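K.L.:
Sequence lines, in order, name chains A and B.
Residues in the first sequence are numbered consecutively from 1, following UniProt numbering.
Residues in the second sequence are numbered consecutively from 1, following UniProt numbering.
Calculated from the structure, these hints are not laboratory results.
Where hints are given, some of them may not hold.
Copies of the same chain look alike in the list, so a pair counts if it fits in one copy or across any two.
As the list claims (entries may be wrong) - Pairs of lysine to aspartate or glutamate residues, derived as EDC-like cross-links and limited to a Cα-Cα distance of at most 16 Å, are as follows:
| # | residue 1 | residue 2 |
| --- | --- | --- |
| 1 | K170 | E329 |
| 2 | K186 | D326 |
| 3 | K139 | D373 |
| 4 | K139 | E382 |
| 5 | K186 | E116 |
Because the structure is a prediction, the values reported are computed rather than measured.
There are 2 protein chains.
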Amino acid sequence: MKKNVLIIGAGGVAQVVAHKCAQNSDVLGDIHIASRTVDKCRKIVESVREKKSLKTEVKLEAHALDALDVEATKALIVSTGSQIVINVGSAFVNMSVLRACMDTGVAYMDTAIHEEPNKICETPPWYGNYEWKRAAECKEKGITAILGVGFDPGVVNAYARLAKDEYFDKITDVDIVDINAGNHGKYFATNFDPEINFREFTGVVYSWQKGAWQTNRMFEVGKEFDLPVVGKRQAYMTGHDEVHSLSKNMDGADVRFWMGFGDHYINVFTVLKNLGLLSEQPVKTAEGLEVVPLKVVKAVLPDPASLAPGYEGKTCIGDFVKGLKDGREREVFIYNVADHRQAYEEVGSQGISYTAGVPPVAAAMLIASGEWDARQMANVEELPPRPFLDILNRIGLPTRIKDEQGDRPLSFS
Amino acid sequence: MKKNVLIIGAGGVAQVVAHKCAQNSDVLGDIHIASRTVDKCRKIVESVREKKSLKTEVKLEAHALDALDVEATKALIVSTGSQIVINVGSAFVNMSVLRACMDTGVAYMDTAIHEEPNKICETPPWYGNYEWKRAAECKEKGITAILGVGFDPGVVNAYARLAKDEYFDKITDVDIVDINAGNHGKYFATNFDPEINFREFTGVVYSWQKGAWQTNRMFEVGKEFDLPVVGKRQAYMTGHDEVHSLSKNMDGADVRFWMGFGDHYINVFTVLKNLGLLSEQPVKTAEGLEVVPLKVVKAVLPDPASLAPGYEGKTCIGDFVKGLKDGREREVFIYNVADHRQAYEEVGSQGISYTAGVPPVAAAMLIASGEWDARQMANVEELPPRPFLDILNRIGLPTRIKDEQGDRPLSFS
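Excised from the complex, chain A in its bound form:
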């Protein structure tokens, strides 16, 4: 039975994590929030107090922390008595925070793959470049480390595992589709850290098809999907974390990721990319200042957290799974629909932050209860999906199924 949560990061997702931990403080215990900018942590603490999100009276504290500093992170884990670390900070700090958890014997979780600032889209499977290199040590030391437990990656991995367990004898195709049909009213903004957002799209698009890694360029392969609630939407094959673990865990099925983009996003992206403004490599100004263009683009774009108040509309994210059941071909769409305004009203964040921030709290609750305290490193599809989806069903991200029998909530009877 582990408890007391240390949240690393203080962006829009961290805000959701803090609120959801507070709403389940009877299970999770104390809540500590740490990031480079302690003021941002304090604002989250204030927001939790304002909305009276704490279910039971526990410690709720803000801390300044450079999460690249392993010793400082270990010290904070120890001094706060945290046994569960939810890392929703920058993707650059994953390996440092994981190290701190392994050294202090506490559970680790993140929602996106580790990245090094100056590299993009390394050799697939991406998890093999950093995280999985620590798998043997985690197993040996009995460290629970759950990788990529946001929505995508995360819940969509659980959907794939659910399909494998319950709906198919053999799966041939997993197509993960992520559509944000919301409108933030700004000229242009990304829904999470622009640096990470653009880095996803500037490199090679990897998909797992016919038992091998296939490569495409971004926006090279487009497809229209007809989805519940949000309707017909154009999406493009995109590189994404979950493809890199599902490629290993879906018994050879093709795994592709599709993200919805409007023409306006593509135009802005294309202009910035062609000009070299999305580059992670430093350039030198005429005045001799070394600067990474992508970091300047991030600096001028709206803070994703600032989009929340005016955000309208819904997201639809899910897995189209094809394969055989009882000798017959079938297709199932397992999905969630979330609402931007509802998310804002509940936790002060927009829908994309909400879908990314609620799942690690569900996972933390399963670590607290022992059900997911795996004492090894795991991607989400390697863990039993039902308990996870059951909690999500209760805390804000219900699962629905659409197949030849219609469109209905996932049943937990």
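Use these hints to put chain B onto chain A, whose structure you have.
P.N.:
Only chain B this time, still in chain A's reference frame:
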């Protein structure tokens, strides 16, 4: 009789100025080129030697100079014995270089209005903010300072004066049109310093109409012009230096400036502007680095000088002048057509640099001969246009006239 030229700056325009000074070294004497980066000056020296541009054997030397340092500039003027300074450096150094010229008693010229790095589009007339504040002192000390003597501003001001002197009794409208129908083959590039290029378009568009300053937004007012050689082209009313002196010197005529833009330029510009990437105000990255977005955009764009080798096509720049002559309404188009490839073959620069760099050399020759050694500050339309256009006719920028009598070269018989 002044001679020996100091060129400030080492970009594409400086390259043209150096070559043209060399081709007229019998009149102009020694040639010194100075900029922050002495290597760029050395490359220009090499290029002049390679193309054997020197008409007579004179000194041709490169110097390192921070032109914001008035004392260093004065020292260089004195040590090189330069009596004519052609400032084609950054628009930020105008006032420092002018000061150095006034203190050493030598002639000053530039091709663009002074700008302060952190301000855009100040109160009209722009010349009143900086340059004209030195006019009384120039007159008192007998300093020749010719402002804005590139093509536009510069030659187009002489065209306006020519129209006033020879083609009209009363002028009602001066519409200056600048069309670059060339193609550099890159995704996107500006034809001169991107920082200055974009700064022209991010602020208010000032025009002089009905005896007052009128304001518009960039790309708000568009118009199709049908021009010799380059044909029908879409242009937009744009803020530009020459409007700010012609407003004073054209006896109350309306003065507008129009620049040609393709849809692609407008799209890239619109994306960058709306994102805030054209801002001259510093932003702070997440890592705490202070940086001016526009300087980063400049750093990622192609160096305008690098466009020269592959540049194809022509430019057409001129003045549509309307008014009354002998009681009748008439319209005259006074213009020049330049060719990118021809410019490259002659002086190693593209056409836009060529049209900007040849006029100050013609002006320098008129200062050397005494005809334009005005011993006061002057905008180009305040000086006799015929000698200037006569030299330009001979050294690469011939003037043509189109009116009800047809389309013909300006006659100098």
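K.L.:
Give a verdict on every hint.
P.N.:
Hint-by-hint comparison with the structure:
Taking the shortest Cα distances, K170 and E329 sit within 16 Å of each other inside one copy (9 Å), while across copies they are farther apart (85 Å). For the identical chains of this complex, K186 and D326 are neighbours neither inside a copy (50 Å) nor across copies (57 Å), given an alpha-carbon limit of 16 Å. In this assembly of identical chains, K139 and D373 lie within 16 Å of each other by CA distance solely inside one copy; the values are 12 Å within and 86 Å between copies. Taking the shortest Cα distances, K139 and E382 sit within 16 Å of each other inside one copy (14 Å), while across copies they are farther apart (85 Å).
Taking the closest pair of Cα atoms, K186 and E116 never come within 16 Å of each other, the shortest separation being 30 Å inside a single copy and 31 Å across copies.
Violated hints for the displayed structure, listed by number in ascending order: 2 and 5.
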